[in-house]
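Undergrad: As a plain string of letters, each chain reads:
2 protein chains.
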Amino acid sequence: MNDLTPEDLLAALAGRYSVGPKQMEAPAPTPEHLRLAAQLALRAPDHLGLHPFRFVSVAPAQRAALGELFARAAQRRGLDDTEVAAARRRAHNGPALLAVIGRLREDVDDVPMHEQWMCIGGAVMNLLNALHLLGYGAKVVSGLSVRDAEVRDAFCAPGEVLVAWVIAGTPTRSTRARHDERVDDLLTEWLGIEP
Amino acid sequence: MNDLTPEDLLAALAGRYSVGPKQMEAPAPTPEHLRLAAQLALRAPDHLGLHPFRFVSVAPAQRAALGELFARAAQRRGLDDTEVAAARRRAHNGPALLAVIGRLREDVDDVPMHEQWMCIGGAVMNLLNALHLLGYGAKVVSGLSVRDAEVRDAFCAPGEVLVAWVIAGTPTRSTRARHDERVDDLLTEWLGIEP
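Residue numbers (this note's numbering), protein chains in the order written: chain A, 1 to 195; chain B, 1001 to 1195.
Chain A on its own, in the form it takes in the complex (with noise of 0.2 Å):
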């Protein structure tokens, strides 16, 4: 661990913001990177290892293919021409693009539902660490198209759900929070019970 002060490490990571489409350009994580963030987001609580995550890139030449998925998608919510044309663009956006899935159990008695979701929550919150680490930037966007039956279908198996997405590159400008964040309550001592 060399000098890295704890200070340092939590400054590192407490720099990470979201970065949008728009924010970031080429080159993409490497496939090396993309996996060691895939291994980081396997340190997740998960309560007797349910693995309830796993996640599959979209190669720059399948994104034309997604491009027709999210099309169809589109039309099918009834959005006009130009809605189905910013639809289709979106399977363009970002150097890399990850579906994240979700495998939830739900005939495990001890690991409630909510309980799997925050597994996949905390997995996508340390592939978001692991890409800002290695110096790209991130986002998750979710949106309608994960609602979609014939989008989840191209990349889930039954009983898998099509969680997000999440884009990645290499950030263009210097990213800060998006909404304040004082949270007054945040953390506050217990008081007790009534006597």
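Treat the hints with caution; some may be incorrect.
Here are some chain B residues pointing at chain A (derived, C-beta under 7 Å) [to be verified]:
| # | residue |
| --- | --- |
| 1 | Leu1010 |
| 2 | Ala1014 |
| 3 | Arg1016 |
| 4 | Gln1062 |
| 5 | Trp1117 |
| 6 | Val1183 |
| 7 | Asp1185 |
The set of hints was computed from the structure by calculation and includes no laboratory data.
Just so you know, even glycine gets a beta-carbon here, dropped at the ideal spot from N, CA and C.
Start from chain A and add chain B according to the hints.
TA: Below, chain B alone, put in the same frame as chain A:
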């Protein structure tokens, strides 16, 4: 960022594993370190900035009161005296003990509940990451106490939910993976759609 390499930073995070109550001792994280950890939790992706979580710390002086709550909850579940005593003792686990409180919003169409749970999961992930980087061990525990109405009401405002407990302290030994982390299909490449 001095001489930190991405590999150093990733390695520091990748070495985080859950540390159970029997694998930790005093000192607890300082109030300032707990505050830093809670702040890092705010870096979780949080669509629309809903802040669906907060943390409540249980001071040493309040552990006995919490133990009585746990004991009454165990009695309500019909447990025998030995199990009730064990439930009471669990309130003393960990040099530090935090309640994770969820404040989920069902009235926000753009952010479905599972995305809010993912935000809470990402927040807890970063709380654990920060405590680890600061030299502490920690673990998320839930169990049946969080589902008890009296325990919940002692921590939560109306509409909030008691999600889990986080115990934290100084690790007494090195920890490692409890589950096999080889996941064959963790990251695959999209094969596209059938022609």
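Undergrad: Each of the hints needs a verdict: does it hold here or not?
TA: Structure-based check of each hint:
Annotation: interface hint on Leu1010/B holds; nearest CB of chain A at approximately 6 Å, less than 7 Å. Taken as an interface hint, Ala1014/B checks out: its beta carbon lies about 6 Å from the nearest beta carbon of chain A, inside 7 Å. With a cut of 7 Å, the hint placing Arg1016/B at the interface with chain A holds, because the nearest CB-to-CB distance is about 6 Å. This hint holds: Gln1062/B has a C-beta 5 Å from the nearest C-beta of chain A, less than the 7 Å allowed.
A cut of 7 Å between beta carbons decides the hint on Trp1117/B: the least distance to chain A is about 4 Å, and the hint holds. Restraint check, Val1183/B versus chain A: the minimum CB separation of about 6 Å is within 7 Å; hint holds. Given the 7 Å rule on beta carbons, the hint for Asp1185/B holds: about 6 Å separates it from the nearest Cβ of chain A.
In terms of the numbered hints stated before, the structure departs from none.
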